[in-house]
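Colleague: All chains should be built: construct the whole structure from the sequences, respecting the hints.
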Amino acid sequence: MKKIVLAASLLLAAPAFAQDLAMGTELGTTPQAILTALSDMGWDVRKVQAEDGLIEAYAVMGKQLAEIYVDPTTGRITRIASHD
Amino acid sequence: MTDTTQHKGARLAAAPAPAFGVRVWDPLVRMIHWSVAAGVLVNAAIVDEESATHELIGYAVLGLVLTRLVWGLVGTPHARFSAFPPNPAAAVRHLAGLLRRPHRAYLSHNPAGALMVYNLWAVLIGLAATGYMMGTPRYFGMEWVLDVHEGLFAWLIISVVLHVAGVILDSRMTGVPLVRAMIDGRKRLRDPTEMRE
Numbered sequence: 001m002k003k004i005v006l007a008a009s010l011l012l013a014a015p016a017f018a019q020d021l022a023m024g025t026e027l028g029t030t031p032q033a034i035l036t037a038l039s040d041m042g043w044d045v046r047k048v049q050a051e052d053g054l055i056e057a058y059a060v061m062g063k064q065l066a067e068i069y070v071d072p073t074t075g076r077i078t079r080i081a082s083h084d
Numbered sequence: 001m002t003d004t005t006q007h008k009g010a011r012l013a014a015a016p017a018p019a020f021g022v023r024v025w026d027p028l029v030r031m032i033h034w035s036v037a038a039g040v041l042v043n044a045a046i047v048d049e050e051s052a053t054h055e056l057i058g059y060a061v062l063g064l065v066l067t068r069l070v071w072g073l074v075g076t077p078h079a080r081f082s083a084f085p086p087n088p089a090a091a092v093r094h095l096a097g098l099l100r101r102p103h104r105a106y107l108s109h110n111p112a113g114a115l116m117v118y119n120l121w122a123v124l125i126g127l128a129a130t131g132y133m134m135g136t137p138r139y140f141g142m143e144w145v146l147d148v149h150e151g152l153f154a155w156l157i158i159s160v161v162l163h164v165a166g167v168i169l170d171s172r173m174t175g176v177p178l179v180r181a182m183i184d185g186r187k188r189l190r191d192p193t194e195m196r197e
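Residue numbers (my numbering), protein chains in the order written: chain A, 1 to 84; chain B, 1 to 197.
A portion of the hints provided could be inaccurate.
To be verified - Distance windows between CB atoms, simulated:
#1 A/G62 x B/L95: 48 to 58 angstroms
#2 B/V74 x A/Q49: 24 to 34 angstroms
#3 B/S171 x A/S82: 29 to 39 angstroms
#4 A/E26 x B/V161: 45 to 55 angstroms
#5 B/A122 x A/Q32: 39 to 49 angstroms
#6 A/P72 x B/D184: 56 to 66 angstroms
#7 B/L162 x A/Q49: 26 to 36 angstroms
#8 B/Y132 x A/Q49: 13 to 23 angstroms
#9 B/R138 x A/P72: 27 to 37 angstroms
#10 A/T30 x B/A52: 23 to 33 angstroms
#11 B/E143 x A/D40: 21 to 31 angstroms
#12 A/G24 x B/A45: 28 to 38 angstroms
Keep in mind that the hints were calculated from the coordinates and are not lab data.
All residues carry an ideal CB built from backbone N, CA and C; glycine is no exception.
Modeller: Structure follows, in structure tokens:
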């Protein structure tokens, strides 16, 4: 029973993270702020770099791989490319 | 029917050198050669490097190279590694002897060409390996993996330029049209006695 509850809570927890990362989510206007915000959500941030006027972060959580693009003027996510 | 015969006769008469064609490259070798070339061209110049198509083509090229490596063990005589063993010393001698005459024609690859073949295979496998790594949780977003992938790509382009230059040079010096041989599989040697494995 404990195991089932644990499994259920894990299943519920996983989409919660995914929900945290949505279009428009505010992460920050600087690479450092974005790195901190993503790390706090549980992402393993591999690289943050400038890309075509946006800030691009490469982050991993479990088997989920994501390239997250943030508009540095608003600090919000404009695109998420996930490979999982 | 008559037309065909006349056409053939005209072509033979117009041929500048005696048509001594030796079958060297089997259909699999030729198919793999041109498919790999096309795959490299498309992946390097046409498709978006972050697209799924880029990955797919990369793995297709890897599959072709691995097939060719198996064929190097069990394939037709000229396709086997034993017909063109990697020999850097012989390659250097071959290149150093370019200014001397006469030039020998080889049925398989000349020693410098052989080294180029192994180099190209190694680079393509390295590109596929680092490309695969980029999509794994362990190496995703790792800067050094991207750097190695891009470094290998730069070396691939240099290698292709040297490969094409070598093919043109060898064709001119030996009189054996190598591009044609990779298309129809036959090497046309000016003097059959000069041929070497």
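Colleague: If a hint holds in the structure, say so; if it doesn't, say that too.
Modeller: How the hints compare with the structure:
Taking the beta carbon of each, A/G62 and B/L95 are about 52 angstroms apart, inside 48 to 58 angstroms as hinted. The hint said 24 to 34 angstroms for the Cβ distance between B/V74 and A/Q49, and at roughly 47 angstroms that hint is violated. Distance hint check: the CB atoms of B/S171 and A/S82 are about 50 angstroms apart, inconsistent with the given range 29 to 39 angstroms. With their beta carbons about 49 angstroms apart, A/E26 and B/V161 fall inside the hinted range of 45 to 55 angstroms.
Under the hint 39 to 49 angstroms, the C-beta atoms of B/A122 and A/Q32, about 40 angstroms apart, fit the expected range. Checked against the given bound of 56 to 66 angstroms, the beta carbons of A/P72 and B/D184, roughly 58 angstroms apart, stay inside it. Remark: the range hint 26 to 36 angstroms for B/L162 to A/Q49 is upheld by a beta-carbon distance near 33 angstroms. With their beta carbons about 22 angstroms apart, B/Y132 and A/Q49 fall inside the hinted range of 13 to 23 angstroms.
At about 29 angstroms, the CB distance of B/R138 to A/P72 agrees with the hint of 27 to 37 angstroms. About 32 angstroms separates the C-beta atoms of A/T30 and B/A52, a value consistent with the hinted range of 23 to 33 angstroms. Between B/E143 and A/D40 the beta carbon distance is about 23 angstroms. The supplied range of 21 to 31 angstroms therefore holds. Against the hinted window of 28 to 38 angstroms, the Cβ-Cβ separation of A/G24 and B/A45 comes to about 36 angstroms, which satisfies the hint.
Hints 2 and 3 from the list above are not met by this structure, while the remaining hints are.
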